[in-house]
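Student: In the order they appear, the protein sequences are chains A and B. FYI, the numbering used here numbers position 283 of the first sequence as 283, with every residue one higher than the one before it. When you read off a place in the second sequence, starting at 1, and then add 1000, the result is the number in the numbering used here.
Take the hints with a grain of salt, since some may be wrong.
As the list claims (entries may be wrong) - Simulated pairs of lysine to aspartate or glutamate, DMTMM-like, Cα-Cα distance not exceeding 25 Å: (1) B:Lys1213 x A:Glu211; (2) A:Lys273 x B:Asp1270; (3) B:Lys1059 x B:Asp1087; (4) B:Lys1089 x B:Asp1166; (5) B:Lys1059 x B:Glu1016; (6) A:Lys213 x B:Glu1211; (7) A:Lys273 x B:Glu1262; (8) B:Lys1213 x A:Asp166; (9) B:Lys1213 x A:Asp170; (10) A:Lys273 x A:Asp325; (11) A:Lys207 x B:Glu1211; (12) A:Lys207 x B:Asp1166; (13) A:Lys207 x B:Asp1087; (14) A:Lys207 x A:Asp170; (15) A:Lys207 x B:Glu1262; (16) A:Lys59 x A:Asp87; (17) A:Lys89 x B:Glu1205; (18) B:Lys1089 x A:Glu205; (19) A:Lys89 x B:Glu1204; (20) B:Lys1207 x A:Asp166; (21) B:Lys1273 x A:Glu262; (22) B:Lys1273 x A:Asp270; (23) B:Lys1207 x A:Asp31; (24) B:Lys1207 x A:Asp170; (25) B:Lys1213 x A:Asp87; (26) B:Lys1207 x B:Glu1221; (27) B:Lys1089 x B:Asp1031; (28) B:Lys1089 x A:Glu204; (29) B:Lys1207 x A:Glu171; (30) B:Lys1207 x A:Glu211; (31) A:Lys213 x B:Asp1170; (32) A:Lys89 x B:Glu1211; (33) B:Lys1273 x A:Glu154; (34) A:Lys213 x B:Asp1087; (35) B:Lys1089 x A:Glu211; (36) A:Lys227 x A:Glu211.
Unchecked claim - On the chain B side, residues computed to face chain A include the following (Cβ under 10 Å): (37) Ser1151; (38) Leu1258; (39) Leu1267.
Keep in mind the hints are simulated off the structure, nothing from the lab. All C-beta atoms, glycine included, are put in the ideal place defined by N, C-alpha and C.
Number of protein chains: 2
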Amino acid sequence: MTTEAQVDLPDATPPELVNRVVISVDAMGSDMGPASVVAGCALSARKNPDIGFILHGRKDELEPLVAKRGLGDRCVIHDAPDVVTMDTKPSAIMRRGGGTSMWSAIDSVRNGEATVAVSCGNTGALMALSMVRLRKLPGVSRPAIACLWPSQSETGYAVMLDVGADIRADEHDLLQYARMGASYARNGLGIQRPRVGLLNVGTEEHKGRPELKAAQALISEGEASGKYEFVGFIEGGDIPSGAVDVIVTDGFTGNIALKTAEGTASLIRDLLKQAFRHTFLSRMAAILALTSMRRLSKRIDPRRVNGGVFLGLNGTIVKSHGSADPTGVSAAIKLAFQLAQAGFSRRLADTVASTSPSRQDMP
Amino acid sequence: MTTEAQVDLPDATPPELVNRVVISVDAMGSDMGPASVVAGCALSARKNPDIGFILHGRKDELEPLVAKRGLGDRCVIHDAPDVVTMDTKPSAIMRRGGGTSMWSAIDSVRNGEATVAVSCGNTGALMALSMVRLRKLPGVSRPAIACLWPSQSETGYAVMLDVGADIRADEHDLLQYARMGASYARNGLGIQRPRVGLLNVGTEEHKGRPELKAAQALISEGEASGKYEFVGFIEGGDIPSGAVDVIVTDGFTGNIALKTAEGTASLIRDLLKQAFRHTFLSRMAAILALTSMRRLSKRIDPRRVNGGVFLGLNGTIVKSHGSADPTGVSAAIKLAFQLAQAGFSRRLADTVASTSPSRQDMP
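My request is simple: use the sequences and hints to build the entire structure.
Tutor: The following block contains the structure:
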């Protein structure tokens, strides 16, 4: 098996990582502490013999956790004394320099030890650091965060971007989102020619903001070179309907749609629990339906589609929920592994480079 | 019982409407045809002895439907030969003038025969006609569409606006939305001092677009005069969480959030059905849980919170789903009745007039 991650490794590969797909993991960023992150790594390692880790964080804290989980032969630790907390301002991180586990985790991607990094830390800080250390791909003006969305489509998921890297996006950004999202759907979901939709308040051509009308024309023209099928404008109801594989929108709208959907799922989950507790019969029903309900719950559990992927940089960063438990961390690592194994970072760079007349070339 | 609707009736009140709260109903706009609308009226009439109707549409079609449903002693018919279809452009309606059932239904509000009208017709046309015939309230620059949202709050609902009247909204519009939404929550949900939140991509004060920061200051200053409690920025997940009673946002974001939530609920409903069909045990469970599940389904059924309310005009218009069946039409009529009985149109006008330094007065 040859993968991009292995090819990129420098000569002095530590024995723990030889012949493994290496994921760089910020072990300190989680609200639940490093124990939860290391437990998530262990869950992934148990299911996947091909995975190896570079853990970034306080060596004295991480070593006993790694030993406890029996991960010693699958990972190396890069000592980083500082932690980026949820309150740390991006400017402070820039000043303090390389001492944080987040910085160190990103630098493992920068120097080619890994092609994908995972962090549970502060989204704003992670994006700011990633942009400074990895730099944007040529032709990309605004990187985006893409997330997977439970859907009625054949794969069971749709990709939506941007869900919060930047609150603005003009028509050129939206075109790049379409290309990057299609590449992600190809490499992350295995869809050869993803169906791309542009989120709007109606499907008629004359509807919506001016930049959406301009983007509609650009994304339509880019169909062949971007290897996607453009279905045109879609509405909020189409996001989970299975009508599309990639949903393109600006980071303000995408973030609100994502959180609204999570809130709605959580409301229904709570109401469902109440319904099952309501009468003796419904409590009986709950017992009988246990397995089926667990399957449903697994399907819409946000922890299992845990991982916003930063697209448009020289390297791929997976942002896990800050409050992710080991199941959530393991889901983010699984996604990182799939992308690393598919050689996604290089493929995305090729896609953007080959199809993008860079913005500077435009009249 | 004295209500605004009755007080406003002209002297020559038809005997069918005397001592009744009169709702003006566009009987022709529904995708399901006038039979569905008349059946919805009949459902409401059966539950509510105080309601009366003015039905607008083709008299020869409506008369047999009214007779069949036994509604003859509760309604009068205003003959209107033309129908606004889903494809009719607003400009065409303006040209064609008063012949449509939609125009006629709005005019019953304009001339005081009713204070609230209900239509299942095309939203864009309905808003355009309403603005022309009813005119905006003084101090309101952009009218808004408000909808009810299932929520964990005490009342079980939250109000969100704008969900699609206009894709733009500046800080002054957002302030008016806060006031109008609070008035709606008081009169429609019975909440004396509604909690108002401003939808954004984060709850920190520095986040979001410039107009949101400006609106935050204005809405905060307007707390006392608008008789609401301002909780500040909220995120998409807070919409159904019960943290607020009124969600303020622009019509682009609101429309996408609404449709995303509907799509998510519909996805989960489908997955739930699949789960219950999956095994013999789960099919047994489905039978046992039937009553509880019906209660849940009723709670999140969009037909039961059917009705976008147009706010900011001289009179209130309730927009029902175009594909509403009799249950959905009846829900929209129930909402219209509550608002008419509470004297909402006048109260809203008073709220806007008393609390609003009109935009022209501003420096």
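Student: Hint by hint, note whether the structure agrees.
Tutor: How the hints compare with the structure:
no., hint, result
1, B:Lys1213 x A:Glu211, "holds, 23 Å"
2, A:Lys273 x B:Asp1270, "holds, 17 Å"
3, B:Lys1059 x B:Asp1087, "holds, 23 Å"
4, B:Lys1089 x B:Asp1166, "holds, 16 Å"
5, B:Lys1059 x B:Glu1016, "holds, 16 Å"
6, A:Lys213 x B:Glu1211, "holds, 23 Å"
7, A:Lys273 x B:Glu1262, "holds, 20 Å"
8, B:Lys1213 x A:Asp166, "holds, 16 Å"
9, B:Lys1213 x A:Asp170, "holds, 21 Å"
10, A:Lys273 x A:Asp325, "holds, 22 Å"
11, A:Lys207 x B:Glu1211, "holds, 22 Å"
12, A:Lys207 x B:Asp1166, "holds, 11 Å"
13, A:Lys207 x B:Asp1087, "holds, 14 Å"
14, A:Lys207 x A:Asp170, "holds, 16 Å"
15, A:Lys207 x B:Glu1262, "holds, 21 Å"
16, A:Lys59 x A:Asp87, "holds, 23 Å"
17, A:Lys89 x B:Glu1205, "holds, 14 Å"
18, B:Lys1089 x A:Glu205, "holds, 14 Å"
19, A:Lys89 x B:Glu1204, "holds, 12 Å"
20, B:Lys1207 x A:Asp166, "holds, 11 Å"
21, B:Lys1273 x A:Glu262, "holds, 20 Å"
22, B:Lys1273 x A:Asp270, "holds, 17 Å"
23, B:Lys1207 x A:Asp31, "holds, 22 Å"
24, B:Lys1207 x A:Asp170, "holds, 19 Å"
25, B:Lys1213 x A:Asp87, "holds, 20 Å"
26, B:Lys1207 x B:Glu1221, "holds, 19 Å"
27, B:Lys1089 x B:Asp1031, "holds, 17 Å"
28, B:Lys1089 x A:Glu204, "holds, 12 Å"
29, B:Lys1207 x A:Glu171, "holds, 23 Å"
30, B:Lys1207 x A:Glu211, "holds, 22 Å"
31, A:Lys213 x B:Asp1170, "holds, 21 Å"
32, A:Lys89 x B:Glu1211, "holds, 23 Å"
33, B:Lys1273 x A:Glu154, "holds, 18 Å"
34, A:Lys213 x B:Asp1087, "holds, 20 Å"
35, B:Lys1089 x A:Glu211, "holds, 23 Å"
36, A:Lys227 x A:Glu211, "holds, 23 Å"
37, Ser1151, "holds, 7 Å"
38, Leu1258, "holds, 7 Å"
39, Leu1267, "holds, 4 Å"
The structure meets every hint from the earlier list without exception.
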